[in-house]
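So for the sequence shown, the working numbering puts the first residue at 109; every next one is plus one.
Rather than coming from a laboratory, the hints here were simulated on the basis of the structure.
The structure presented is a predicted model; accordingly, all values stated were derived computationally and were not measured.
Be careful, since some hints might not be right.
Said to hold, decoys possible - Each computed DMTMM-like pair below joins lysine to aspartate or glutamate, with the alpha-carbon atoms no more than 20 Å apart: (1) K252 - E302; (2) K253 - E303; (3) K390 - E375; (4) K404 - E374; (5) K446 - E434; (6) K512 - E522; (7) K390 - D417; (8) K289 - E319; (9) K484 - E515; (10) K402 - D417; (11) K268 - E303; (12) K535 - E522; (13) K289 - E256; (14) K402 - E434; (15) K306 - D382; (16) K309 - E263; (17) K409 - E429; (18) K271 - E244.
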Amino acid sequence: MLSLFGSHSKNFKRLPRVVKTAVVVLPSITGSLLFSTPPYPSKCSSWPLFTTLFEGSLWNILIDEISFVDEALIAANKRRETAILQREKEEHCALSIPEPDAISILSQGINQAQRVNIVQKREYRATYEENTVLKELESMMLAKKYLESLSGLAERPIIKALKKTPNLVTVCVQQPEVVAKRFNRLKDEDFEPEEIFKFAKLLTAESDLLEKRLSMITKQFNDFSTMRMTAGILGIDTSLLPRYLMKWKREADIHRIKSRVHWLSEELEVTKQDVMDQMDSKPFLISFGFGVLKGKVLLLKDFGLNPSDICADPWVLGHTELNLTERINILKKSGVQKIKPWQLRCSVKNLRRFIATSSAAYQARSLYPDLREYFKEKLSTDETTIDIMLEKIPQLNQYTSFEKTDELIDFLYEQGFTSNQILSGPKILTFSIENIRERIAHIRRLGYDISDVPKYYFFSDTYHFKRLRERIQAAAMDPSLKIGKSRRSSSYA
Numbered sequence: 109m110l111s112l113f114g115s116h117s118k119n120f121k122r123l124p125r126v127v128k129t130a131v132v133v134l135p136s137i138t139g140s141l142l143f144s145t146p147p148y149p150s151k152c153s154s155w156p157l158f159t160t161l162f163e164g165s166l167w168n169i170l171i172d173e174i175s176f177v178d179e180a181l182i183a184a185n186k187r188r189e190t191a192i193l194q195r196e197k198e199e200h201c202a203l204s205i206p207e208p209d210a211i212s213i214l215s216q217g218i219n220q221a222q223r224v225n226i227v228q229k230r231e232y233r234a235t236y237e238e239n240t241v242l243k244e245l246e247s248m249m250l251a252k253k254y255l256e257s258l259s260g261l262a263e264r265p266i267i268k269a270l271k272k273t274p275n276l277v278t279v280c281v282q283q284p285e286v287v288a289k290r291f292n293r294l295k296d297e298d299f300e301p302e303e304i305f306k307f308a309k310l311l312t313a314e315s316d317l318l319e320k321r322l323s324m325i326t327k328q329f330n331d332f333s334t335m336r337m338t339a340g341i342l343g344i345d346t347s348l349l350p351r352y353l354m355k356w357k358r359e360a361d362i363h364r365i366k367s368r369v370h371w372l373s374e375e376l377e378v379t380k381q382d383v384m385d386q387m388d389s390k391p392f393l394i395s396f397g398f399g400v401l402k403g404k405v406l407l408l409k410d411f412g413l414n415p416s417d418i419c420a421d422p423w424v425l426g427h428t429e430l431n432l433t434e435r436i437n438i439l440k441k442s443g444v445q446k447i448k449p450w451q452l453r454c455s456v457k458n459l460r461r462f463i464a465t466s467s468a469a470y471q472a473r474s475l476y477p478d479l480r481e482y483f484k485e486k487l488s489t490d491e492t493t494i495d496i497m498l499e500k501i502p503q504l505n506q507y508t509s510f511e512k513t514d515e516l517i518d519f520l521y522e523q524g525f526t527s528n529q530i531l532s533g534p535k536i537l538t539f540s541i542e543n544i545r546e547r548i549a550h551i552r553r554l555g556y557d558i559s560d561v562p563k564y565y566f567f568s569d570t571y572h573f574k575r576l577r578e579r580i581q582a583a584a585m586d587p588s589l590k591i592g593k594s595r596r597s598s599s600y601a
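Full structure from sequences and hints, please.
Okay, here's the thing in structure tokens:
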């Protein structure tokens with residue numbers, strides 16, 4: 109038995125714990141009695157001895173081993189039963205899922221049909237919009253070609269007119285002969301094609317209405333019989349045109365003038381046609397009362413504004429006399445000598461910025477009436493050198509950055525620059541202090557002093573600045589290299 113189940117054999121290791129104990133312990137105590145025990149103890153003469161031997165500690169050991177095996181078997185059975193129940197529960201849950209009934213199938217079909225219907229509607233809408241756009245483009249191209257052949261102009265003013273007046277496209281496509289009739293009628297009145305397309309709504313107006321406006325203006329004013337009418341006046345709304353004409357006729361009688369056109373042309377020293385052309389794009393020249401318009405023009409002339417500047421920028425006449433007076437007083441106190449119309453109608457922010465720069469310029473002019481005198485004294489040189497510098501850098505002829513230029517020159521002197529070095533590269537005066545400070549800091553980070561680096565490094569452009577920076581970095585890594593002046597940078601400086 110021991111030879112079959114040796115303590116080190118594989119078969120012995122596979123036995124349960126209780127059997128291992130019986131195989132090892134019992135033969136040493138009972139000898140052959142263990143294996144010669146009959147199946148019925150009452151018929152075995154040696155059974156009392158056997159039971160006596162087992163009444164001691166050995167019996168307790170076997171009982172403990174048997175109880176341990178029973179507990180292990182019970183735990184294994186519980187785990188197996190739990191696993192079986194879990195598997196049956198999962199199978200039951202899988203089998204208990206209800207199949208879709210007729211109502212759910214019907215609702216799913218309805219939802220699917222609705223989704224298909226939405227997709228079809230979207231596709232139809234996209235197709236319809238695409239076809240609409242294509243038709244509009246086709247109509248616009250036809251109208252453009254027709255108007256080009258009719259007027260002989262380029263496509264740019266025609267396309268602008270078609271976009272501004274969409275009805276013109278429809279009229280050109282459906283009734284091209286009507287457009288041609290109105291276009292030729294306006295040309296007979298000496299209208300230019302550009303002016304006609306500027307007020308393209310005249311081509312879409314009814315022929316009777318167009319003739320009515322022409323006759324109404326000619327009866328009220330004899331001016332239009334001697335000069336070309338303006339499309340701005342002709343394009344006034346029908347309900348407002350008689351009112352404006354009556355007002356102009358009445359103000360001509362009151363102020364004893366031929367018309368506001370005559371008066372404006374005389375006061376602004378321009379031709380009557382120039383006034384008429386300005387009325388095309390400035391409706392307030394038509395709608396304002398003559399008294400209001402006259403007061404603004406005389407006010408601006410009294411404060412020294414050039415009449416030609418007023419005619420070139422008539423938007424200034426759209427502001428009130430009070431606002432114009434306040435702006436003019438502010439500019440006069442700031443030292444502005446030549447006032448322009450845009451300064452009276454610009455925003456407050458732009459006005460403050462202009463006053464700041466003009467104040468610095470005014471102070472510069474008071475100290476140095478001639479710019480050459482300033483640079484001559486600041487850079488300690490003669491007039492010939494200053495003339496060469498200003499010819500080379502024309503930006504320096506402006507006083508707009510006088511304070512920055514003065515501050516920049518002082519900063520360069522503080523950093524060790526001399527006047528000769530500045531004059532050798534005057535473009536440095538157009539740079540900002542931040543730019544120069546950044547380049548100086550870069551030189552010092554590489555371990556160089558400003559005196560060790562050529563000064564053209566500071567006033568070269570961005571391209572040459574990068575090239576020179578690479579050379580300086582290479583020289584910092586290899587002291588045998590010299591920081592020389594390249595031919596390209598020398599020609600630029």
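Earlier hints that do not hold, by number: Violated hints: none; all satisfied.
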